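Start from the sequences, fold in the hints, and give me the full structure.
Counted from 1, the sequence shown has number 9 at position 28 by this note's numbering; the numbering is strictly sequential.
Since the hints were derived computationally from the structure, they do not count as laboratory data. A quick note: this is a predicted structure, and the numbers were derived from the prediction, not measured. Among these hints, one or two may not hold up.
Label-pair distances were calculated between CB atoms; the ranges are [to be verified]: (1) Gly4 with Glu74: 13 to 21 angstroms; (2) Arg13 with Asp63: 32 to 40 angstroms; (3) Asn24 with Asn72: 30 to 38 angstroms; (4) Pro15 with Lys58: 34 to 42 angstroms; (5) Val59 with Asn25: 18 to 26 angstroms; (6) Ile65 with Thr10: 27 to 35 angstroms.
Cβ coordinates follow ideal geometry from the N, Cα and C atoms, glycine included.
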Amino acid sequence: MEQVIELKNVEIHEYCTLNTNSGKLEFYTKKRIPGFTGHYFKNNNTFFALYPTKNGPMIFYQNKEYQINKALSIIQKVDGKDRIFILSDYNIEIHYVESHYLNWDVWSTEDDVDLFSKITHHYQEDSFYKRYTL
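So, in structure tokens, the structure goes:
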């Protein structure tokens, strides 16, 4: 059974659909599916998604799904504008640069524009699981 999920980029007003079985992506600028479905990060080398499932938050990375839980070891290293997101339990290490949108909007926080910061800072909170569980 095909599972297609709509995701929103946390930095820019861009959306995509992800087929979690095939890994097929389609990008567009206006939301097509009602309600909240998930977020994604994309740069030249990486596509990373976080979305809700009946069993809680799920990550899609390199055409595989990974369940998030409070027992995982998730770290974000920051060195100036260079950042590394490490999910050691799944051997995931993503190198990226600080968002251009950080401090651009006075109302936004790092968690608003950096999906990896959002995960790192909140994955052990009950509210995170409530938001990412269908």
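Here is how each hint holds up against the structure:
no.	hint	result
1	Gly4 with Glu74: 13 to 21 angstroms	holds, 20 angstroms
2	Arg13 with Asp63: 32 to 40 angstroms	holds, 35 angstroms
3	Asn24 with Asn72: 30 to 38 angstroms	violated, 19 angstroms
4	Pro15 with Lys58: 34 to 42 angstroms	holds, 37 angstroms
5	Val59 with Asn25: 18 to 26 angstroms	holds, 20 angstroms
6	Ile65 with Thr10: 27 to 35 angstroms	holds, 30 angstroms
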